[in-house]
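First to last, the sequence lines map onto chains A and B.
The first sequence: position 111 = 96 (our numbering), numbered continuously.
The second sequence: position 267 = 274 (our numbering), numbered continuously.
What the hints contain is simulated information worked out from the structure, not anything from laboratory work.
One should not assume that every hint holds.
Covered stretches of chain A (in silico footprint by chain B; criterion: 3 or more residues with CB under 8 angstroms from a CB of chain B, positions within the stretch not fixed) [to be verified]:
1. 121 to 133
2. 248 to 262
Footprint (simulated), chain A over chain B, 3 or more residues, beta carbon under 8 angstroms [claimed, not checked]:
3. 139 to 151
4. 159 to 165
5. 248 to 255
6. 261 to 274
7. 286 to 293
Ideal Cβ positions, reconstructed from N, Cα and C, are used throughout, including at glycine.
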Amino acid sequence: MIAYVVRRVFHGVIVLVVVTAVIFVILHLLPGGEARAVLGAKANPAAIAQFNRVNNLNRPLPVQYVLWIGQLLHGNLGRSYKTNATVMSLIAQRLPKTLVLTALALVLAVLVGIPLGMLQAARRNRAFDQAMSVASLAMYAAPIFLTGIVAISLFAVHWRIFPAEAPQGTSALGILEDPRALILPVVLLSLGTIAMFSRYMRSSTIENLVEDYARTARAKGASPKRVLLRHVMRNALGPIATQLGLFLPFLFAGTVITESVFNYPGMGLLFWNAALARDYPTEMGVALVVSFATVVGSLVADVGYSLLDPRIRFT
Amino acid sequence: MNANAELVDLTVDLRPIQRVDDDGDLSPHRRMLLAFAQNKLAVAGVALLLAIVLFSFVGPLVYHTDQVRTNFAQADLAPGADGHPLGTDASGYDVLGRLMAGGQTSLIVGFAAAAIAAVVGSIFGAIAGLAGKVVDSVLMRFVDGCMSIPQLLVVIILATIIIPSRLSLAIVIGAISWFPTARLVRGEALRIVRLDYVEASRASGSPSRWVLFRHILPNSVGVIVVSATFQVATAILLVASLSFLGLGIPPPAASWGGMLATGLQYIYDGYWWMIYPAGALIVLTIMGCNFVADGLRDAFETRLQRR
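Okay, chain A solo, but in the shape it has when bound:
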């Protein structure tokens, strides 16, 4: 077990190094370099040289990378070009609110998607299953900005049940104080994930239902319900657990769109505004934080899965 965890952590660290290297390279793709981006297109050469010297940009790239990593390890992501606040403080302000949004959407997706997939597997190829399959295919193909607009025009403009704008609290707690405004963003963000979870769960359950152990349990007199809930479910959940970490980038991409549609004051909105303002340090900071979360998330999911299913550790 320990050997497996050590191996998996080592793997995660290597992936993190790759992530930072890729983001570092993108940062250096800026036309004219960072100096031009900060000082403007008309900056004179002396000012640019000065900026480069102060920020170590005249050093060789590998040296710059090591220095940049050093800063990163101290939690320094640089300063926003636009507000001059540290990127870390901007993210620290927004991250809890985005966590509230994504966590609620993820919980909803698990609570709806997984039972739905199992039910579809139990009733496979009947009308209910086929109707749900079509519905999840459509949900999966519909981008959030579209479902968001449709939902706003129906629930906010036409029937006036929910507000069109997300809660505007200054903290995560403030967000939770306005649950009615939270419903539309959370539901829309979860739709695509529900579609994915139910599809996965459906095929994974079907695979297990035809296994010998399920047949044996059935032959020994266990009711179909008991076979499904006591025997098959645990085995079918495994593959989904490993995917949870990989859902994070997908979910975060969803939050960028959801937050921009509903003006939700989270990290996605921060990222979008930074992109519109060409505020590169903020863009990079958010991308780094999300990628780190992804790597750590899939690490945790893999280790969790190995606890759930001991066979994994030995392959």
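Let chain A serve as the given structure and place chain B on it in line with the hints.
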């Protein structure tokens, strides 16, 4: 959106496995075509995509509109008014004509990006699988790292660095979409290099380049085509998201995502024609690609099963 590899598997066993009727004498290719033709969703997907291609590229030849110059005297017209079947938008552009123009952008960028991703991904994956050992782990850890950065974020960042155009968007999206393909092709390559005839070929002195282009890539064609088809959908979605966020190809160029973004501003006025037609086209195009990709995968599987 980076969960591409996962998305690819999402639509597995949507429907009962298609039984190809008694066909003992058919060649594998014919059997594959037959399996594809018997798959209703796949055929519907092909029809859908064909219709959208015709609409976007042949439509403007029949239905002439000015999609460059604004005309504020004709802005916000309801459908049917003044010879505009789907009305006009806030700048006075004819919505139907604009849907066609936007469709061209979506399809061109989508297919070009998928083609770039297919080429880069399959060569990268094949090299990793063929080389094995250290080279393989290094290349694959690179792919793992890249797949951990959300695709939409990278596209947005790159879109703020480059000047978005059809060409630059196709290159950027292609350049960041090939990772799942590389993984899949590497898996195939690992399997193929162990086949007896490939080992025989290598033992008799074939250079790696020969093995790569003569054995690995042709035998991975199924995987490559299927993942490329899924990637068309992903690329079209990315283009639409970028335009929706105001970071796509700038006006007067038309795009479905951009039309939705403008439509959102008029949501309280009930201008449905600025929202729903563009939205429907995005969904139909993506669904069409997914259906075709699904059908192709099943068809390739039948070919392999019977061989």
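Hint-by-hint comparison with the structure:
{"no.": "1", "hint": "121 to 133", "result": "holds (count 8)"}
{"no.": "2", "hint": "248 to 262", "result": "holds (count 4)"}
{"no.": "3", "hint": "139 to 151", "result": "holds (count 3)"}
{"no.": "4", "hint": "159 to 165", "result": "holds (count 6)"}
{"no.": "5", "hint": "248 to 255", "result": "holds (count 5)"}
{"no.": "6", "hint": "261 to 274", "result": "holds (count 6)"}
{"no.": "7", "hint": "286 to 293", "result": "holds (count 4)"}
Comparing the model with each numbered hint stated earlier shows that all of them hold.
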